[in-house]
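There are 2 protein chains.
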Amino acid sequence: MLVQTLTIVGVGLIGGSVGLAAKSRGLVRRVIGFGRDPANLAKARALGAIDEGVLTLADAVRDADLTIFCTPVDRIAEQVLAASAFCKVGAILTDAGSTKQVIVRDIETRLRADVHFVGGHPLAGSEKKGAEHAQKDLFVNRVTVLTRTAATADAALDTVAAFWRALGSRVEILSPERHDAALALTSHLPHVVASALAGLLPAEWRDFTATGFRDTTRIAGGDAEVWTPILQHNRPALLTALAQLDDRLTAFRQAIAKGDSVQIDQLLTQGKKVRDALGS
Amino acid sequence: MLVQTLTIVGVGLIGGSVGLAAKSRGLVRRVIGFGRDPANLAKARALGAIDEGVLTLADAVRDADLTIFCTPVDRIAEQVLAASAFCKVGAILTDAGSTKQVIVRDIETRLRADVHFVGGHPLAGSEKKGAEHAQKDLFVNRVTVLTRTAATADAALDTVAAFWRALGSRVEILSPERHDAALALTSHLPHVVASALAGLLPAEWRDFTATGFRDTTRIAGGDAEVWTPILQHNRPALLTALAQLDDRLTAFRQAIAKGDSVQIDQLLTQGKKVRDALGS
Numbered sequence: 001m002l003v004q005t006l007t008i009v010g011v012g013l014i015g016g017s018v019g020l021a022a023k024s025r026g027l028v029r030r031v032i033g034f035g036r037d038p039a040n041l042a043k044a045r046a047l048g049a050i051d052e053g054v055l056t057l058a059d060a061v062r063d064a065d066l067t068i069f070c071t072p073v074d075r076i077a078e079q080v081l082a083a084s085a086f087c088k089v090g091a092i093l094t095d096a097g098s099t100k101q102v103i104v105r106d107i108e109t110r111l112r113a114d115v116h117f118v119g120g121h122p123l124a125g126s127e128k129k130g131a132e133h134a135q136k137d138l139f140v141n142r143v144t145v146l147t148r149t150a151a152t153a154d155a156a157l158d159t160v161a162a163f164w165r166a167l168g169s170r171v172e173i174l175s176p177e178r179h180d181a182a183l184a185l186t187s188h189l190p191h192v193v194a195s196a197l198a199g200l201l202p203a204e205w206r207d208f209t210a211t212g213f214r215d216t217t218r219i220a221g222g223d224a225e226v227w228t229p230i231l232q233h234n235r236p237a238l239l240t241a242l243a244q245l246d247d248r249l250t251a252f253r254q255a256i257a258k259g260d261s262v263q264i265d266q267l268l269t270q271g272k273k274v275r276d277a278l279g280s
Numbered sequence: 001m002l003v004q005t006l007t008i009v010g011v012g013l014i015g016g017s018v019g020l021a022a023k024s025r026g027l028v029r030r031v032i033g034f035g036r037d038p039a040n041l042a043k044a045r046a047l048g049a050i051d052e053g054v055l056t057l058a059d060a061v062r063d064a065d066l067t068i069f070c071t072p073v074d075r076i077a078e079q080v081l082a083a084s085a086f087c088k089v090g091a092i093l094t095d096a097g098s099t100k101q102v103i104v105r106d107i108e109t110r111l112r113a114d115v116h117f118v119g120g121h122p123l124a125g126s127e128k129k130g131a132e133h134a135q136k137d138l139f140v141n142r143v144t145v146l147t148r149t150a151a152t153a154d155a156a157l158d159t160v161a162a163f164w165r166a167l168g169s170r171v172e173i174l175s176p177e178r179h180d181a182a183l184a185l186t187s188h189l190p191h192v193v194a195s196a197l198a199g200l201l202p203a204e205w206r207d208f209t210a211t212g213f214r215d216t217t218r219i220a221g222g223d224a225e226v227w228t229p230i231l232q233h234n235r236p237a238l239l240t241a242l243a244q245l246d247d248r249l250t251a252f253r254q255a256i257a258k259g260d261s262v263q264i265d266q267l268l269t270q271g272k273k274v275r276d277a278l279g280s
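As they're listed, the protein sequences go chains B and V. With the numbering used here applied, the first sequence covers 1 to 280. With the numbering used here applied, the second sequence covers 1 to 280.
Careful: at least some of the hints might be erroneous.
Identical copies go unnamed one by one, so any copy, or any two together, can satisfy a pair.
With a cut-off of at most 30 Å between alpha-carbon atoms, the simulated BS3-like pairs for lysine-lysine come out as follows [to be verified]:
hint : residue 1 : residue 2
1    : 88        : 273
2    : 128       : 43
3    : 23        : 258
4    : 258       : 128
5    : 136       : 258
6    : 273       : 258
7    : 23        : 273
8    : 88        : 258
9    : 43        : 258
10   : 128       : 88
11   : 273       : 43
12   : 258       : 129
13   : 136       : 43
14   : 43        : 23
Treat the hints as calculated values from the structure; they're not laboratory data. It should be emphasised that the depicted structure is a prediction, and the values quoted were computed from it without experimental measurement.
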């Protein structure tokens, strides 16, 4: 038993999967779910993702040893700070947000000194939403990034790392800045690109899409409510990534306009080499 | 029995799948495979994709009622014209190339009048290559585009359409120009984008990719030898599509730079709406 009382703030796909994963592995004595929608909490309880649903943040975190915030990135810092007022001394708070610099900075400059925050981001998910898509093995063989800053307590970082490892995840520790630079390229830029591609398709040509278009645009099905704040949070790194993509698309455009098959082949071969290295 | 003798020129993923699909459905009396690599032809025969492998184009097409060319787009026109010299009067030739204007124009201006060519493109495939990945149901519930021009013989078009329908495909008839404009957006642009995204990823950040990056870049694993001539053939439509994408990425970039969450949300919501309409 790693954690006596685990509280999950936001019991959707990620939060629900954390609950299912922790309970199915016997890592927790009790899982409390906090949310604003009683029906969703009842559903999460029926699915076995939480033991108890609570509608008041103070009640949800009062006994928690570990609280994990699985809400949209623009709500995490305020929720962590609000919840921290009701936490036990020594309680650990962490999150599953897709951006880290803004969240970690906003929390660390204002958090009381006798509770601990560790930034986190499990690189798992889906364009689907809701506890009904939660999976107990969602984090198995996935990477979870945890952040370390000058303010990070080593013991709290160790506990959160042990928790994610126990869910089957590989843990990588980065600064918030490195996390955001990496994820700008590996997640946020692909989201923008998938959305832009999907948005270009006229209805009359839907029948002429095959698996290539579907794969390339799949993540565009993600919720704008979740993704708008992610793109907002990671503005500088994302703008850099967009500029890099623009350079590369310009190289393609010029090679295609000139009919330069050697250059087109080189660009495609570079992309294939990277993609092949990732495996299926 | 729809076709007495079917010849497949280029027995890879698509050609092999045509053979398997036709044989397993009892549509053909005999399938001849033409290729330059005896080992590949032997493999295709062992897999049941062809009945006989032939290394000489003249011998491969002499008895064919229907010949389908499944080779890279920059080789199809020359192979069709070369093969046509040896075909029976009334023979039908078709192809599975991903571009249509250049191929159809090059063939129609030079083909002898007593054989028939119908441009074709099954919207099915994979980033994989080779007869070993052939599937007998690859075309089931997929769209196959056939082209109609002033030079198209209706009876030949009907035969080729009946053939693809018998393989489980839905047939759509378009002009070569409409095909290429649609596929520029639904296939060729996504390929360029997937390749550009993959090519940006530094090796140190490979561990920080999740399913989103993998889905979005999957088709970048396609063969440069296949894709370079496709991008070359469809130059004007692809440059138009690249310019449209650039406009949309610029809109994203400006909204992100300004922190305009309403505009970001609108762009994401437009993309999601289109993607949701496509289904999984």
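Cα distance capped at 30 Å. Does residue 88 pair with residue 258 within a copy, between copies, both, or neither? Classified as neither; 66 Å inside a copy, 40 Å across copies.
Homo-oligomer pair classification [residue 23, residue 43; C-alpha up to 30 Å]: For residue 43 and residue 23, the Cα distance is within 30 Å only inside one copy (16 Å; across copies 50 Å).
Which holds for residue 128 with residue 43 at a C-alpha limit of 30 Å: within a copy, between copies, both or neither? Classified as within: same-chain Cα gap 16 Å, cross-chain 41 Å, threshold 30 Å.
Using 30 Å as the alpha-carbon threshold, which applies to residue 273 and residue 43: within, between, both, or neither? Classified as between: cross-chain Cα gap 27 Å, same-chain 44 Å, threshold 30 Å.
Can you tell me if residue 128 and residue 88 fall within 30 Å by alpha carbon in one copy, between copies, both or neither? The answer is neither: 34 Å in one copy and 55 Å across copies each exceed 30 Å.
Intra- versus inter-subunit Cα pairing at 30 Å for residue 136 with residue 258: So residue 136 and residue 258 fail the 30 Å test inside a copy (52 Å) and across (39 Å) alike.
Identical-chain pair category, residue 273 with residue 258, by Cα at 30 Å: So residue 273 and residue 258 pass the 30 Å test inside one copy only (24 Å; across, 36 Å).
When no copy is specified for residue 258 and residue 129, does a C-alpha distance of 30 Å or less occur within a copy, between copies, both, or neither? Cα proximity of residue 258 and residue 129: across copies only (28 Å, versus 45 Å in one copy).
Intra/inter-copy verdict for residue 23 and residue 273 if alpha-carbon distance must be at most 30 Å: neither (41 Å within a copy, 36 Å between copies)
Checking an output row: residue 23 and residue 258, CA cutoff 30 Å. Within, between, both or neither? neither (59 Å within a copy, 43 Å between copies)
How do residue 258 and residue 128 come out at 30 Å by Cα distance, when the copy is not named: within, between, both, or neither? Only across copies: residue 258 and residue 128 sit 29 Å apart there, 42 Å inside one copy, limit 30 Å.
Regarding residue 136 and residue 43, is the shortest C-alpha distance of 30 Å or less found within a copy, between copies, in both, or in neither? Within one copy only: 16 Å inside a chain, 42 Å across chains, cut-off 30 Å.
Hint compliance for this structure: hints 1, 3, 5, 7, 8, 9, 10 are broken, all remaining hints hold.
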